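Asks: One-letter residues, chain by chain:
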Amino acid sequence: MSQSRPKVSRIRLVAPLILIAFAVFWYEFSIVYIPRADNQLVAQDNLAVYVTIQQVTAYLQALRLTTYATVAVGALAFSYYLVKLLRFRAADARVSGQTEPSRQEASSRQAQP
Amino acid sequence: MLPEQVLPYGFLFVYAAFGISGFILGWVAQRGNYCFVNAMSSVFTTRSYDRFGALLILFGGSALMTALLIVTGVVPAVDQYYDNYFSGWYIVVGALIFGFGATMAGGCNLSMLYRSASGYVQNWFELVGMMVGTYIFAVIIWPFQSYTMSQGILSTTMGAYEEYLPYNIFHSISSWSVGVTALALGVPFIALGLYLQHKTRSKRLIEYGSAVGATLPMPTRAASSPVGPRFPSPALGTAGRDFLGEAKEILLLRRPYGANLSTVLLAGALLLVFVAGAGYTFNYLVITSSDGGRFLEYGFLPFGVNLALQTPWYDDALPILDPSVLMVVMLIVGAFLASYLSGDLKLRIPRQKRRLGIGFSGGILVGIGVRTALGCNIGLLWTNFAQLGYDGMLFLAAMLVGVWIAVKVQRRLV
Numbered sequence: 001m002s003q004s005r006p007k008v009s010r011i012r013l014v015a016p017l018i019l020i021a022f023a024v025f026w027y028e029f030s031i032v033y034i035p036r037a038d039n040q041l042v043a044q045d046n047l048a049v050y051v052t053i054q055q056v057t058a059y060l061q062a063l064r065l066t067t068y069a070t071v072a073v074g075a076l077a078f079s080y081y082l083v084k085l086l087r088f089r090a091a092d093a094r095v096s097g098q099t100e101p102s103r104q105e106a107s108s109r110q111a112q113p
Numbered sequence: 001m002l003p004e005q006v007l008p009y010g011f012l013f014v015y016a017a018f019g020i021s022g023f024i025l026g027w028v029a030q031r032g033n034y035c036f037v038n039a040m041s042s043v044f045t046t047r048s049y050d051r052f053g054a055l056l057i058l059f060g061g062s063a064l065m066t067a068l069l070i071v072t073g074v075v076p077a078v079d080q081y082y083d084n085y086f087s088g089w090y091i092v093v094g095a096l097i098f099g100f101g102a103t104m105a106g107g108c109n110l111s112m113l114y115r116s117a118s119g120y121v122q123n124w125f126e127l128v129g130m131m132v133g134t135y136i137f138a139v140i141i142w143p144f145q146s147y148t149m150s151q152g153i154l155s156t157t158m159g160a161y162e163e164y165l166p167y168n169i170f171h172s173i174s175s176w177s178v179g180v181t182a183l184a185l186g187v188p189f190i191a192l193g194l195y196l197q198h199k200t201r202s203k204r205l206i207e208y209g210s211a212v213g214a215t216l217p218m219p220t221r222a223a224s225s226p227v228g229p230r231f232p233s234p235a236l237g238t239a240g241r242d243f244l245g246e247a248k249e250i251l252l253l254r255r256p257y258g259a260n261l262s263t264v265l266l267a268g269a270l271l272l273v274f275v276a277g278a279g280y281t282f283n284y285l286v287i288t289s290s291d292g293g294r295f296l297e298y299g300f301l302p303f304g305v306n307l308a309l310q311t312p313w314y315d316d317a318l319p320i321l322d323p324s325v326l327m328v329v330m331l332i333v334g335a336f337l338a339s340y341l342s343g344d345l346k347l348r349i350p351r352q353k354r355r356l357g358i359g360f361s362g363g364i365l366v367g368i369g370v371r372t373a374l375g376c377n378i379g380l381l382w383t384n385f386a387q388l389g390y391d392g393m394l395f396l397a398a399m400l401v402g403v404w405i406a407v408k409v410q411r412r413l414v
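Chains as they are written, first to last, in the numbering used here: chain C, 1 to 113; chain R, 1 to 414.
Here chain R stands alone, though its shape is the one from the complex (with noise of 0.2 Å):
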C-alpha cells in the first residue's frame, strides 16, 4: 500500500511547511533550551526530572496526536506506519553511542544546531565531528550493516507496517487498533511524565522553603499552567505575576520558554509535517541526515567531489535532496534569530581549549551512532513514537544507558 496525499498544493508547500516547522523547531528550541541529552544526564547528575518528564510528554502527546489524527480520518494510517524503519542490534548500539558521544559533546542534534547557531563554538567542533562520524560509518560500517539487515541477521527485514505496534498487537490497521494502541502507548508516558515533573517541583519547593525559612503558599491551578511557574522559585523570581504578565514576558523573549510549553510547540511543529508531508515524502521530522550527512557532501560539490556516485551509503541510502534540507536551514536561521532577539547570541569559546576536542570527538561518536541506528533522538527516538512503533523505547533505554555511561566518565575526568 502507498502512502496517500492529504493536501493536494503540491511539492512547493511541503518545503514550504519543513522550512516552516524548522524554524519553529529551531526558535522553541533556543528559547526553551529544550536538550534530549541534558535532560537525560540531569537525571543521574541532579535527580532533576523536569526535563526528561517533558520529554516523555512529548513522546506521549505525539503518538496521541498523530494517532488522533489517523483516528478521525484525516491522514490515513498508511502514511503514519510507510516509512517506519527496520530494527534490529543496529538501533541498540548506535542509540548508546550517540548518547555517550552526545553528552561527552554536550548535546543532541538538536541542542548542537541551535547552540552552533547562537555562538557556542564547541558545538560548531560537534557539527563537523558528525561528519566525520557519518563518513566513517558510511564506509567502515554500512557495508557490514545492510548486509545484516539483508539477511535479517539480529534484524527485521521489512519495516511499514510490521514495525507498527497496532499491526503487532491488533493484527490491524483499523482506527480503533490505532486509537487503543495510541492510549496504551501515549497515556502511561504522559502520566509518568507528569508524575516525574511534580516530584522534582515538590523537591525544588521543599528545598527553596527551608533555603529561604518561610512557609511558601500552596500551589493553585494557575501556578499549574505550562506557561507560567509552577512555583516562585529562586531561579524563576517571578512570585506573583499573573498569567498575562508571564505570557508578555516570553512573547518579548524576556524570559526563556517553560519545558512543557516548549513541548507542546516542539509537538506542533510535528504535527504540521505529518500533514503537510503526507504521501509525498517523510512526514516527520528529522534532521540528521542533512546535518551529518548531506551537508559533508554538499561541502566536497565545489571540488568536483560528488559522494552520492562513489561513497558507501551516500550513493544508495540518502537521497541527494529532500525537505528536511530546508527544515535544517531554517532551524539554524530560526535559532539565530531567536538568540539574537533575546540577546544571547554571543562567540562563545570555551576557556579550556581541550573541550573543542572533546567535542570534536564526541561528534564524531554522535555521527556514528545516529547513522548505526537509522536515526537521532529527532528522527528516530521522537518520531517513532509518534510513528507507534516500537524502536523509539529500544533507541530511548539504549541512550540512557549511554548517558549514564558518559556521565560516569565525566566524573572520573573531573
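Looking at chain C on its own, in the form it has when it is part of the complex (with noise of 0.2 Å):
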C-alpha cells in the first residue's frame, strides 16, 4: 500500500543527530586543542600569532552559550519529527488493520461458490 510509506524521510531524524553531534565535537575539540595549541606558542616564544587569554576564555565561552543553543534547536527539531514519524506509523498501522479483515471477507467470499 502506498500509505504504509513513511511521511517522514529518514533525513528528518538524522540530521538534527548530525547537527548535536558536531556541535559538541567542536566545543569538545575546541577546549582540549585551542588552548593547548596557544600555551606552545607562548612557550616557544611565538608571540605574532599567540592570542590572548581573555580572547581565548571569550571564545570557549561564546562557544558554550552558542553549543547549548545548538543543541537545544537539534533535541528540539529531532523530538518534533519522532513524534510526528511515531504518528504516522501508528496511523499507518490503525489503516492497515482495518483494511486486513475486510481483505480476508473478500477472499473468502470468492472462495465460496
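Please keep in mind that the hints were generated in silico from the structure rather than gathered at the bench. All values reported here derive from a predicted model rather than from experimental measurement. Do not take every clue at face value.
Unchecked claim - Pairs of lysine-lysine residues, derived as DSBU-like cross-links and limited to a Cα-Cα distance of at most 30 Å, are as follows:
#1 K248(R) - K199(R)
#2 K84(C) - K346(R)
#3 K199(R) - K408(R)
#4 K248(R) - K84(C)
#5 K248(R) - K346(R)
#6 K248(R) - K203(R)
Unchecked claim - To list a few chain R residues with every Cβ distance to chain C over 12 Å, as calculated:
#7 T45
#8 G119
#9 I136
#10 V139
#11 K199
#12 K248
#13 L265
#14 F336
#15 K346
#16 L356
#17 G357
#18 Q410
Each residue gets a CB set at the ideal place from its N, CA and C atoms; glycine is no exception.
Hints in hand, dock the two standalone chains.
Replies: As C-alpha cells, then:
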C-alpha cells in the first residue's frame, strides 16, 4: 500500500543528530586543543600569532552558549520529527488493521461458490 | 592611532556578535542562494545581471552605511581604516586565480560553505582542496610575497589610512571627507546595480510576455519591493500575491529570499560586526582565514603537529584564534538549519565523478588565490568597499577576468 510509505524522511531524524554531534564535537575539540596550541606558542616565544588568554576564554564561553543553543534546537527538531514519525506509523498501523479483515472477507467470499 | 572600542562589553560580547553574524550569513546566503561567483558567471553565460546588480548594491550600500556610522560619530574613523590591507600585485594575481578556481569548483568562499552544509559533496572537495591550496601558498608563495611586500616591490608598504580613500583624495579623515567619499563611491555602485537589475528584469518580462503570448500588466510600486516578486514570471509563478503573503511565504521558508532582500540582510550582518568588533579585532566579515587556514591547522593538532610553530605564514601571519572561527562555525550551523528546515537538505553526489576532482583542484586554486590576494570575496572584496579602500575594486576587476576565463574553459570542456 502506498500509505505505508513513511511521510517523515530519514534525513529529518538523522540531520538533527548530525548537528548535535557537530556542535558537541567542536566544543570538545576547542576546549582541549586550542588553549594547548596557544600555550605551545608562548612556550616557543612565538608571540606573532599568540592570542591572549582573555580572547581564548571569551571564545570558549561564547562557543559554550552557541553549543547549548545548537544542541537545544537539534533536540527540539529531532523530538518533533520523531513524534511525527511515530504518529504516522500508528496511523498506518490503524489503516492496515482496518483493511486486513476486509481483505480476508473478500477472499473468503471469492472462495465460496 | 590605535582603534577605539565603541561598545564596552568585552570579548565575550564580540565573539557572540561574530557568532550571530555568522549564523545570519549562513542562513541568508542559503535561503537567497547567494554566490558571488554565480552572480559574475551569469553575466557571461546567460547575460543576466540580476544577481551581479545585487552584488554592486551590496558593495555600494556597505560603503554608505559604514560611512554613515562614521559621519554620525557612532564609530570613529580609525576603526574603519585601521585594518586596511596593503595593496599590490598580489591582489590582482590572487583575485584572478580565485575567480578562475572558484568558477571551476562551483562556488565562492561563501557559497562553498553554505552548500557544503546543505549536502553538496562537490563543495566538500572544494573545501578540502582549499585547505591544501592554503598550505601550498604558505610554503611556496608566502616567503616570496612577504619579501616583495616588505621591500615595496609592486606593493604599498603601509596599509591603514594610506589605503583609505578619504585620506587619498582629501588628505583628511574628517567626517565630511568620509561622507563625500562614501557618496562618490556608494551611489554610483547602487545606481549601476539597480540599472542592471532593471535591464535584466525588463528583458525577462519581454521574454515571458512573448512566451505566454499575453499582455502583462504594467509594474506597480508593490511589485518593485525588495521582498516581493518584480513581475509575474515563470520562475516565481506567484502573480498577484500581496506583500504580506509573500513575506509569510518567506518567513515559513516556503520561498527563497530575493537577491535584494538577501543583500539587505547580509549588509546588516556586516554592520553588526563593524560596530561590535570596533577596537577589539578585525571588525568586518572574514571567513577564509578560518575555513582554509585554521581548520587545516586545527586538523593537525590532534596528531601533535602545530603548524604555527614552524610553517611559514602560519607562524607569522595567522593568529591561532580569532572571532572569525566562531563566525564560520555558526555560518555552517545557520546554513545547515536553513536547508534542513526548508527541506533543501540532501546529500548531493554529482553523477559525473570527475566533478569531485574538478571541485578539489578548483579548491586548491581558490586556496592559493585568496591567500595570495590577502583575502577572499568576503574578507577583501566586500569588506574593502565597507572600509572605503580601493583594493576591493582591484579585486573585483581581476576576479571578473578570472571568472570570464573559467567560463571560456568550461565551454571548451563541455
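Asks: If you test the structure against every hint from before, which numbers come out violated?
Replies: 8, 14, 15
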